[in-house]
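Peer 1: What follows is the residue order along each chain.
Number of protein chains: 4
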Amino acid sequence: MPVLEMIRTYPADITLDRDLMADTVSALIECAQACTACADACLSEPDLAMLGKCVRTNLDCADICDTTAKVLSRHTGYDAGLSVAQLRSCIVACDTCADECAEHAGHHAHCQLCADSCRTCSAACERLMDAMITT
Amino acid sequence: MPVLEMIRTYPADITLDRDLMADTVSALIECAQACTACADACLSEPDLAMLGKCVRTNLDCADICDTTAKVLSRHTGYDAGLSVAQLRSCIVACDTCADECAEHAGHHAHCQLCADSCRTCSAACERLMDAMITT
Amino acid sequence: MPVLEMIRTYPADITLDRDLMADTVSALIECAQACTACADACLSEPDLAMLGKCVRTNLDCADICDTTAKVLSRHTGYDAGLSVAQLRSCIVACDTCADECAEHAGHHAHCQLCADSCRTCSAACERLMDAMITT
Amino acid sequence: MPVLEMIRTYPADITLDRDLMADTVSALIECAQACTACADACLSEPDLAMLGKCVRTNLDCADICDTTAKVLSRHTGYDAGLSVAQLRSCIVACDTCADECAEHAGHHAHCQLCADSCRTCSAACERLMDAMITT
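Residue numbers (this note's numbering), protein chains in the order written: chain A, 56 to 190; chain B, 56 to 190; chain C, 56 to 190; chain D, 56 to 190.
Hints listed in this document are in silico derivations from the structure and should not be mistaken for laboratory results.
Certain hints may be false.
Each pair may be met inside one copy or between any two copies, as identical chains are not told apart.
The list that follows gives simulated cross-link-like pairs (lysine to any residue, SDA-like), each with its CA atoms no further than 20 Å apart [unchecked claim]:
(1) Lys108 / Ala67
(2) Lys108 / Asp150
(3) Lys108 / Asp154
(4) Lys108 / Tyr133
Can you make the complete structure from the sequences, with help from the hints?
Peer 2: Have a look at this one:
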């Protein structure tokens, strides 16, 4: 797993478990890509007129997951307050996108896959946030 | 002001004041650029060895401001919960970066300008967040 | 102009004119925001079914302008080959988005403004690229 | 592989091989994360003063790979000219970052891993670009 290999080479201390960090970052970058792809797949659906809100929710979730992955890929000058605040926002973005995509999952396989990816990502962020708060 | 011109063309209702939204988005994209430039200026300083944390803080603030600007530039399917959560994270990022840059502002003009930009952006985000919570 | 103020504080040499660099970066971040806003405005149009390609073109242009602005905001270890290659891609993205938005400009004011912003940005990138090639 | 699963659900034609597209997007998002992590690891190295250019090169490569992954994750209104131009820039960014990181690979394991990731990504982009040009 490339994220885990990279984090193992970080040359200073990390107060959190490196496997947990790597799992979360991996979930975030997979979710961001799924949301980008789902937004684009919506744009090619015959019922695009019904999917405006879904595209918007996908775009927000993609941007927020990408940024959260970057923040969590940095360990120099770690600031728990900032990481937790960004994780909170990311959990809201993932849950919102999962709910919206779930409404279209019966018609569109990309919405089903994207909703699954958002749920996985939200759960990973929750686990990491819990570890940060109790550390 | 280009951001304000664009928001005036949005074809549906926006529950918040369009000038307030545009001011905040403008502050966010200016702050993101200032942080990107400050990080790079630090990389060319003779005392780079002292600036590792400052670069990291700049990079986080740039990414978070960019993403917050994108979320706030979207009005379709507006979700106050998500916007407020992202604004909260952005305020933490701006305040953290302003504090860190302020420590180097005596030696580096880019840190002084960047700290100013972060304070302006944090204040703009606070105003918009207050308006969102009370709307 | 905040971009120009920041670039003036860069502590080492820049082989290119700082005003020209600042103008281009400003055009890029304005264009990126216009494209993000235009994509979202399209999502709220009654004729969204006709605007799938326009949204896609807007999203590409926003991402590419954002990244080009970041690359051009960095001067440490300047590499003309990379800057020129990214500018070339950005000019294609801006021209493509301007052409697509122009097709909808009669019906949608946001497409008109966005097309204008893309043309301005493309011209700014051409000027800077010419300066880089001849420097 | 999540990227491949998502691309299989795209509801319209894609003129290029879906496995090839998915492999390239996966290489891009892995490379972007490696570059973000390598930049941050550099910031915590005792010899940071020697690594200013390496951090800059990492940041450019991360931004360009992220944007290229997004462009290639979109298939609606596919434009070969834009995709090829962005791939060309990405290949320059990856090759430049690989060369720079290779200079520090003897001292820093993160630079070795990052250089490997950049080489893999550059080769994947070359293969896809060839397929686009001959299609």
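Peer 1: If you check each hint against the structure, which ones fail?
Peer 2: Per hint list: zero violations.
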